[in-house]
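Given chain A, work out where chain B should sit, using these hints.
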Amino acid sequence: MPAFCPTEMRTLRPTSPHLSTPSAGAEPLKKKKRLDPAILKHREDRKRKRLEKQIRRLERNAKQLKPIDELEVPLKLIDQKEQRTRVLTPLSETVLEERVLLQKEWCQYKHSQRMQDLQIIDRLLFSQQKALNELKKESEDLYQAAIQIDPKLIPFKAKGPVRTPLINQYESPDGEYVDVSRKWE
Amino acid sequence: MSWHCQYVKTTSLNVKLPTLQWFMKITFWLLWRTIISSPHFPANITWINLLPQSEESYILVCQTLTDRIELMRKKMIFFNGYRVIGGKLDKLKPDIPVYNTLNIQIKGYDFPVLENYQKFVHGIAEAMEIEVEDSWAVPPQHLQIQKFKPRSSIVDSEYKLLVYERNVQITDLPSTVASVFFEVIQAVLPEGVSLSIHEHLKEHDDVRFVPDQQLKELKTELDSLGGPLKKK
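Taken in order, these protein sequences are the chains called A and B.
Okay, so the first sequence: first residue is 1 according to the UniProt record's numbering, each after it adds one.
Okay, so the second sequence: first residue is 1 according to the UniProt record's numbering, each after it adds one.
Think of the hints as simulated: they come from the structure by calculation, not from any bench.
Just so it is clear, the structure is predicted and the values come from calculations on it, not from any experiment.
Note that CB positions come from ideal geometry on N, CA and C, so glycine has one too.
Keep in mind that a hint or two might mislead.
Think about it this way: if two alpha-carbon atoms lie no more than 30 Å apart in a straight line, the pair counts; the simulated BS3-like pairs of lysine-lysine are [to be verified]:
hint, chain 1, residue 1, chain 2, residue 2
1, B, K119, A, K183
2, A, K63, B, K202
3, B, K149, A, K66
4, B, K219, A, K53
5, B, K25, A, K183
6, B, K219, A, K47
7, B, K119, A, K47
Computed far set for chain B versus chain A, every beta-carbon distance over 12 Å [unchecked claim]:
hint, residue
8, Q21
9, F23
10, K25
11, W29
12, V155
13, Y164
14, V188
15, F209
Only chain A is shown next, with the shape it has when bound in the complex (with noise of 0.2 Å):
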C-alpha cells in the first residue's frame, strides 16, 4: 500500500467553499421579500404615532412659567427670618386710636379722589354720547365713519413725562446698552 502524507491529502481533497474566493461562499441570491416596503413603513408609522403621544402628553402638561426676579423673596431672608424680626414694645391705645384714625381720613381722602377720577371719565363719556347722538340725527355715514376703528391707532406707544426739562445741545454721552438677562433655552 503507498504510503501518503496527510498533508498531500489535504492538499488535494477538495477545499470548502467559503475559504477560497469571496463569491464562490455565497448563497444562491435570494428573492426580495415583497412585504419588505410595507413592513417598514409600518415601523415607521408606530414610531411617528408613539413620538406624536409622548408630545402631546408634554404638552397637556402645564407649562412652568418664568419666575420673576422682583416677587421671589432670597432664600437668605427667609432662613435669616428669627434673626431679622424685631420685637417691639406694644403701642398704647390713643397711639393705636391715633394711628386707626389717620387711615380713615386717608381712606376717606383716597376714595374721594377715585370718585373725582370717575366723574370726570363719566363726563368724557357722556359728552362723547351726546355728541355722537347728534352727529346721528345730522347724517347716519358720518356717524358711521366716526365709529369706525381707527388702524393707524393700535400699535399705540407712549412714554411718561421727564422730571427735568430738555437740555439745548445737549451732547450725550458715548455708551452701550448690554442686554445681559438670563437666556432661557
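Quick look at chain B alone, frame taken from chain A:
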C-alpha cells in the same frame, strides 16, 4: 262691594266676575315671586316697605317689575357668557365695532411705581366696563449700561439696571371708548414708565413660559422622520 268680585248686571243673570284689581294683584304677586327667586336679587334689601298701597300703583309697579325682570334676564345672559342669536336678543349685539384682544404693556425702571400704575390701569378699565381678561408680569430685562470716556471706547463707568414689565389684557374694547381710555391712561403715566398697546400674539404668551427641552427634542425627532402623521 267686596275686593275680589263685583256683581255685573246682565239682562238675565247676575254673574260674579273677578275684578281688574284682582287680576293686577295676582300678576303683581307672580312677578314678585319671580324676582325674589331669581339668583340676581340682592338678598340684603327688604322690599316689603315698597309694597303698593292703591290699585293704580299696582299697575305702575307691575310695569317697573317687568322692566327689571327684563334687565335681570339680559344681565343673566351676559353673566353666563353666551348671547342668544336671533330673535329679540339680537338687539344686544354691539353696534360699535370692537377691537381684538389688546395687550397693554408697561415697562419701567422702578417697580413699585410700575405695579401701582398697573393697578390703576386695571381699575380704570373695570370702571369703564372694559373686560380685563388677564394681567401678568414678565421677568425683567437686565441691562448693563457702559459709559465710555469722551472720544474713546474706554469704559468710564458701568451701571446695571433692570427694566421691569407688566401686562394687562383687554378684550371687547369699543372704538369710541378706546380713544377716551387711551387718553386717560396716557394722562396718568408716571415718569420713567413707557406704555405700549398692541394686539395679542402667541409670542407674547410663549415668552412667559420656560421652554421645555424634552418637547423640543421630540419635535425635532418627529420632523426628521418626516413630519406628523396626517389624521384620517
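Here is how each hint holds up against the structure:
1. B/K119 to A/K183: holds, 29 Å
2. A/K63 to B/K202: holds, 15 Å
3. B/K149 to A/K66: Distance ~37 Å between B/K149 and A/K66 Cα, so the pair is violated.
4. B/K219 to A/K53: holds, 11 Å
5. B/K25 to A/K183: Between B/K25 and A/K183 the Cα gap is close to 73 Å, so the pair fails against 30 Å, i.e. violated.
6. B/K219 to A/K47: holds, 13 Å
7. B/K119 to A/K47: violated, 50 Å
8. Q21: holds, 41 Å
9. F23: Its Cβ never comes within 12 Å of chain A, the nearest being 40 Å, so this holds.
10. K25: Non-interface label on B/K25 holds, nearest chain A Cβ at 40 Å vs cutoff 12 Å.
11. W29: About 38 Å separates B/W29 from the closest Cβ of chain A, which puts it past 12 Å; holds.
12. V155: Answer for B/V155: violated, closest chain A Cβ roughly 9 Å.
13. Y164: Label violated. Min Cβ-Cβ 6 Å, cutoff 12 Å.
14. V188: violated, 9 Å
15. F209: violated, 4 Å
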